[in-house]
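> Sequence:
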Amino acid sequence: MGHYIFPTDFIFWTKAKNHEANKVALKEIVKSRLEETVGAQSKKWLCDVNTEFFNQDNNGKYKDLVVAEIYPALDELFTEIPTLKMPKVSTVDNIWYNHYSIGENQEVHTHFGAALSGIYFLELNEPNNTIFYSYSASMSQLGEEVKKTEFIKEGDIVLFPSHLLHYVLPSTKERTTIAFNIRCEFLP
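Following this note's numbering, the numbering of the sequence shown begins with 1 at its first residue and continues without gaps.
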C-alpha cells in the first residue's frame with residue numbers, strides 16, 4: 001500500500017523563542033509609527049488595518065528581531081512536514097506590521113510572489129480571528145476548505161503557502177501582528 005501527498009495547503013504554527021522580549025521592543029516601534037501610518041495602504045488594500053512595511057533603512061532592528069524568529073520556525077516546518085520540498089535557500093523578503101483597532105479587519109487575500117508567508121502574533125487580546133480558505137480543498141470536497149485558527153495564541157508564528165487565501169474578521173480588541181513573505185530557491 002502506498003500514497004503520494006501533494007502538501008501544498010497547510011497551516012503550521014510554533015512558538016516564538018523570545019516572544020516576551022520581542023513584544024516589548026516591537027510594540028514600542030509599532031506604537032511610535034501608528035499616527036504616521038494611518039491609511040497608508042488604503043488605496044492598495046480593501047481594509048482598514050494600520051500597516052507599514054519595514055526594511056533595513058526604516059527600522060533594521062525591527063526586521064532583525066523578526067528574522068531571528070522566522071528561521072527557527074522554518075527549520076521546524078521542514079522537520080515536521082518532511083514531504084515538503086526542501087529549498088536550497090530561503091530568504092525573508094518582506095516584513096510589515098498590522099495593527100488592528102476595535103472593528104478593523106483584513107480582506108481576503110494571498111501573498112503571491114513568494115513561496116511561503118507567515119504571521120507572528122505579537123499582541124493578541126482576544127481569540128485569534130484569522131481564517132484560512134483552501135481553494136483546492138473546496139474543489140475536491142475531500143477536506144475542509146475553511147480553517148478557523150482561534151487556538152493560535154499570542155507569541156505563535158504561523159507559516160503557510162503564500163497562495164493560501166486568508167482574512168481577518170473584525171477585531172473586538174486591539175491586536176498587532178507581524179506578517180512576512182519568504183522566497184525559496186530550489187535545486188533544479
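It is possible that part of the hints are untrue.
Said to hold, decoys possible - Keeping only pairs whose Cα atoms sit at most 30 Å apart, straight-line, the calculated DSBU-like set for lysine-lysine is:
#	residue 1	residue 2
1	K17	K63
2	K43	K17
3	K147	K27
Since the hints were made in silico from the structure, they are not lab data.
In this text the structure is predicted, and so the values were computed from the model without any measurement.
> Against this structure, judge whether each hint is valid.
Do the hints match the structure? See the list:
1. K17 / K63: holds (16 Å)
2. K43 / K17: violated (36 Å)
3. K147 / K27: OK: K147 and K27 at ~28 Å, within 30 Å.
The structure does not agree with numbered hint 2 stated previously, though it agrees with all others.
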